[in-house]
Structures are given as C-alpha cells and as structure tokens.
Amino acid sequence: MTAFIAQNFVPLMFAGLLCFLLTGIPVAFGLAATGLLFGFIGMEAGLFPTSLFGALPLRVFGIMQNDTLLAIPFFTFMGIILERSGMAEDLLETVGQVFGPLRGGLAVAVVLVGALLAATTGVVAAAVISMGLISLPIMLRYGYNRSIATGTITASGTLAQAIPPSLVLIVLADQLGRSVGDMYAGALIPGLMLVGLYLLFIFAVAIVKPAWVPALPVEARIYREPTGASGHRSLVVLLVLCAAVGYGWSLVHSDVIANLTGRLTPAPTDETVILSLTVASLLALALAIANRLLRFGLLSRLAEQVTFVLIPPLVLIFLVLGTIFLGIATPTEGGAMGAVGALVMAFSRRQLNLRLMRQALDATARLSVFVMFILIGSTVFSFTFNAADGHIWVEHLFDKLPGGQLGFLLVVNLLVFVLGMFIDFFEIAFIVVPILAPVADKMGIDLIWFGVILAMNLQTSFLTPPFGFALFYLRSVAAKKDYKDRITGQMIPAVTTAQIYKGSIAFIVLQLIMLAVVVMNPQLVTGGIEKTELLDPDQVLQQLDLPDVGLPEPEAEEPAEATMDPAEGAASEPEAGATVPAGN
Amino acid sequence: MNALLKLSKWIDALNEGIGKIILWLVLAAVLISAGNAVMRKAFDIGSNAFLEIQWYLFAAVFMLGSGYVWLRNGHVRIDFISSKLSRRSNAIIDVVGMLAFTIPLCIILINLSWPVFHRAWESGEMSQNAGGLIRWPVILMIPLGFGLLLLQTVSELIKRIAFLSGARSEPFSTDHEKSEEERLIAEIAAKAEAKAQAQAEAIARQGTAR
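Protein sequences appear in the order of chains A and B. Counting in the working numbering, the first sequence runs from 1 upward without gaps. Counting in the working numbering, the second sequence runs from 1001 upward without gaps.
These are computed hints drawn from the structure, not numbers from a lab. Just so you know, even glycine gets a beta-carbon here, dropped at the ideal spot from N, CA and C.
Pairs of lysine-lysine residues, derived as PhoX-like cross-links and limited to a Cα-Cα distance of at most 20 angstroms, are as follows: (1) B/1195 with A/484; (2) A/484 with B/1191; (3) A/480 with A/502; (4) B/1020 with B/1009; (5) A/481 with A/502; (6) A/209 with A/502.
Reference listing, derived: stretches of chain A covered by chain B, where coverage requires no fewer than 3 residues with Cβ under 8 angstroms from a Cβ of chain B: (7) 17-28; (8) 53-61; (9) 130-136; (10) 361-367; (11) 424-434.
Looking at chain A on its own, in the form it has when it is part of the complex (with noise of 0.2 angstroms):
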C-alpha cells in the first residue's frame, strides 16, 4: 500500500482534488485540503519530513507582501465604480447614435463598447449583462438577425479576457513571474487585432446580408441638429483633426520622451501608440469644452456629445496603460490612479454616492477576498506538490509528447479550454498554470507569449456552448417570452438558447483563428516589448520554419526591433539542439 502510494502519489493527488472540487465545496478549501491530506498522507508513508508545513505561514505572509497583486482590488473597483455609474448605458446609447445610421451600425457599437468595456470593467458577466439588457433590445426591435445580435454581444463580452488592463492579465503576469506592464503590452496588439476582425465580420455581413444588419430608420436618431442634418460631418471633421494630431505625435514621440528622460532607445510601439491615442483624445476633449464654454456652436450635438460620453473614459484607460507602459507608475499606482479617476469620472457626472461608493467596495472587498483565498488554498496545495516533485512527473507527462513547443501548445491549449468550459478563470490561473509555465519556460517558450495565448484561448472558451459564462449571463437577460416593444408596439419574439448558441459559433471561428495567428507569430506579442532577456533560439527557428500568414502586421513599423533577425537566428543555431527537450 505505501508504496503503490510513494509510486503514484502525484497522478493520486490531482485525482483527490478533482473529486473535491467537484463535489462543489468551495474551491480554497478544496485546494488546501487536499494539499493538507496528502502532506499528512506523505509523512505517515515517510515520504516527507513531520516539518513540511512550517514554513506555511511564511508563504501566506509572501502573499501579503505581494505587490503585484494589490493591483487586483485597485483595478476592480475602477471598473466596478465606471460600471455603476451608468457610463455603460451612455456609451451603449451615444456610439449607437454615432454608428446606427449604417448598416451593421449598432453591432460595430456593441464591438467598440464591449472592448471599452472589457478594458475597464475586464469582468465579462457585467459586460455581457448590460449589453443584453440595453443593446439586445433595440437590435431586435429593428429587425437584426438575432444571432447576429446575440452572438456580438457574447463575443464583445469576452474581450474583457485579453485587452490590458484586465485583471486576468494582472494574474496571469503574477502567476508567470513576468511584469505586469510586459503582459500589457503583450496583449494590446493581439487584442486590438481581434476586435478589428469582430469589425471585419460585422462589415461583410452587412454586405452579404444587408437584411441581417439593418440601419436605424430616421426616428430613432435622436441627437439631430435643429435643422435636421445628422451631425455626422462635424463629428468627422473633428476627428480627422484630432487623428492628424494623433499621428503628428506618434511621428515625434520618440524624441520628445527622449529629450525628456534622457533615454537613448527607441520608444516601443505599443507606448506610442497609447500616447498618441492619449494626445488626440485629451485635444478633442479640450475642444469640446472650449466649444460649450465659448459657445461657439461649431460643434453639432452629436459630436459634443461623442466627446463628452466618450473620451473620459477613453482617457482615463490611456492615461492609466500609459504611465504604466512609460514606466512612470507601476501597475499598481496605475490601478489606484485609475481608481480615483474612476472616482472623479462618477462624481462629476454625479453618480457618486454614499450606495454606490459601499456597493463597489463591498464587491471589491469580497472579490479580493475570494481570488486571494484560491491563492493561498493552491499555494497549500503546492507545498505538498512540490515536496512530491510533482514538477518533474508533469515535465516527464510532457516530455513524451511529440511536436516540440508546437505540440506542447496544441495539449496545453486544448486542456485549458476544456477547463475553462468548467471553472473560472481564477482556478485555472492559480491551479493550473503554476503548474504548466516551468514545463513551458524549459521548452523556451516566452511566457508572456504564453500568457497571451492562454488568455485569448480561455475568452474563446467562455463563449464555447453549451457551458460558456458569457453564453450564460447573455441567456439569464434576454427575453424568455415573446414581448411587446414599447416604441414600435410589435410582437417581438423571444431570444432562444438555439439562437445565441448559433450565434456565438461565428466568433468562436474569429477567435480560434486570432489564437492561431497568436501561435504562429509570436512577435505579434513580443515585438512591442523591450527585451530584457536574451532572444530565443527555439522561437527564431520557428519563425524561419513558418510560412508567414497573410495579415497585417502592425510590428511592421518598427524596424529598430532586430529580434526576428534572420541573421541572428542563423547565428544561435548550434545552441537551439540544447535547448530543446522534447521532440528528438
């Protein structure tokens, strides 16, 4: 008995904490007291020394110190205190009124707020749930393909997965070893990369099938100049002007940061793209103000209105990833600023009260509470791994597979999925992870490459029916019955779970494509970030193997980056036979 337990005791842990956990107990204490059984289980069977736990209120005092975490409870209670006070519901409203008159108008709006959205909130319950209950209904009311519909807002609700700053990339970066601003920065391009192919589909629909995507008629354009014109063209002027500013500054920007640092490298693409977008949206903003208080009137509604609804958020988000890309603040001082911008935000719309202030704290708190209680319970379930070696069963469990990096991604990916369809992020960032980054760092994956991935991939598995959240909170908001509209006085349907299944499919394909795109390039996520470590043969070697994908590559504008030289590759190619465990 002790020895078919010494032979197998790790493959015997992880199937203990499998059926705790799914026995439903909650999942900190399924995680400690599994690690706590089989510590004790260890020493009785003499694997382990009778000292093993007492070194186990230090690592909780580890955890405490942790500063990378405290961004957790910052960057929650911004997006919690931008979601209560109503900015949701305006931006919904506003970019609708902006994109509505087109066809497949008010689903390019649903995109733009859900990845605004997902940048402030980064929880996809709340941005799947105020789409439903604000954008759902007017799609339908005018006659969108309701898979279309739904599947937009599910798919938009996602993105709160992969666009910095989002609290799963804080994690994640945590639980990798690597900086929370390198994860950012990673992530930025693939994720704005995937709402431009959200844009792309939703532009082909409304040509293929204009019927599907339907413009808003007249009468529901509701901020109309007096004189009847629809206030696009001074939007548009607007921003042209502000773009040209933008792009005036991305070409300067470099040597301004550098006369006023002192520092000798080229700024990093994704750096100025932030500040650039910072620029051009503090101008239109100034310019709105300087329009209303001067009254000038050359602005019309519409485009006041854009400015005002739309760039303080905006705003406040760039100027948050931008202190935190430009190294001024850590990501944590970027999380309390953008918390008392947040704070600011919804007191100059006078939201901020003494309810919403205790809501947003209280769910702060106790969010806090449960994401930092799964740490502890996995850092429990640890020690007992790690005294058990278990690494080295899960590097051997690897090693056996053949394909290399490629196929160490492909299980990997697939196993993340499938979890993902079952238990929240959170689990699988502490539980799982920890687990897979040494076998991935060893096979010389870059792991904020690898971070990426995995985010892109869970988003994708959180719109996988039958299981999916976002699949979920959309079904839980949308009509059940068949229901009156208010404004038109028709009948309109009730939303099937057929129909949001059906519509998710379409995205899940995006998404899968954009997570293969990820894989096969990983300079789409490297490339903007400053390399402090040494470049990877493994990866240089498989950029010359791959064929490249016909996409545009934004990393393209930056020629300084040396790391994808071929030159280089060629040059540490004697040393890439050493690096490779698996696959020879």
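Fit chain B to the given chain A structure using the hints.
Frame of chain A, contents of chain B only:
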C-alpha cells in the same frame, strides 16, 4: 438547537460587522496608493511606511474578510455537478466538507501561524526597509483571519445541520440571496425600463401633437 442557532446568529453578526469595516480599508488603500504615487513622482517624497501600509491594508482586507465572504457564500465553488443536486444533498456535502476540510484547515493554520506572530510580537521585529513598519500587526492577520473563518464555519455548520433537521427552512443566510450579477441585472433593467417608458411617452406625445 435554539442555543446553537443563537450562537450562529452572533457569529454572523460579528462577521457581517467586520465586512462593513474592511470596505473602508479598500478605499484607504486606493487613496494612499494613488497619493503616494503622485507625491513620489511630483515632489520626490516617499516613504517605505506608505508603501508598506498599502499591503498591510490589503492583507487585512482579504484575511479578515474571509469569514464575511463565507457568510455570504462568496467563496467560489465548481457547481458543475452540485447545481444538479438537491439542496439537501448539497447541504450534506457542505457539512462533510466543513467537518473534514475547512475546520481542520483553519485549526492547522492557526496553530502554525500563532507562534510566528508570537515571535514577532516578543522581538518587536521591524520591516527591513528603512522607515518600514512594525511587523506583528500584519502577521496577526493570519491567525485572526483563520480564526474568523473558523467561527464562520461553525456558524455555517449549525445552519446546514439546522436545515437538514428541519429547524431552519434555508441552508444559507437569507439576507444575501441575490448574487452580484442579479443585483446588476435588476439595476440596469430598471434604468432601461424607465428610459423605454420615457421614450414611448415622448413618441405618443409627438403622435398627438401632429
């Protein structure tokens, strides 16, 4: 049973009260962190005490808050199977889980961490950073937090057993039935409803004006 239920009520009230206090620690941490960042950058003033108080506060929030979150059934569960079982079966699983796992876990961690706190208290250990804070208050959070969790587990145990024996109609505290999402849904739906109402009225008015 009645005496036990009374005990459970007291414990609930205690953790509920702690839940109300830790809220403001979150706000304090936010303000201190933001203020510290601004001071550090703008005036080059900063002290390790201000850096450390941030994680002291956060540590207090999540250690002391665990009993409160347990009271509100906020520790996530994997409900893939349990959602298909009856409330009775779930209550039985909870009782077994608490007796076999949660209570021993709390006792073991209190036992392990108390001596660490005691040593820090006796020696008056300070942070190794210049101008840092004294260590024992934050170390105290570990046994204190698990103590509160233990108390709450006892209270939850009483509630589940009372439910199973018919002395109570609900397995959980009923004050907090609604989840975060349900509250959000109610709030946004109410706003959307009000807006649709106003819009419909406006359209009706336009119709009669013509």
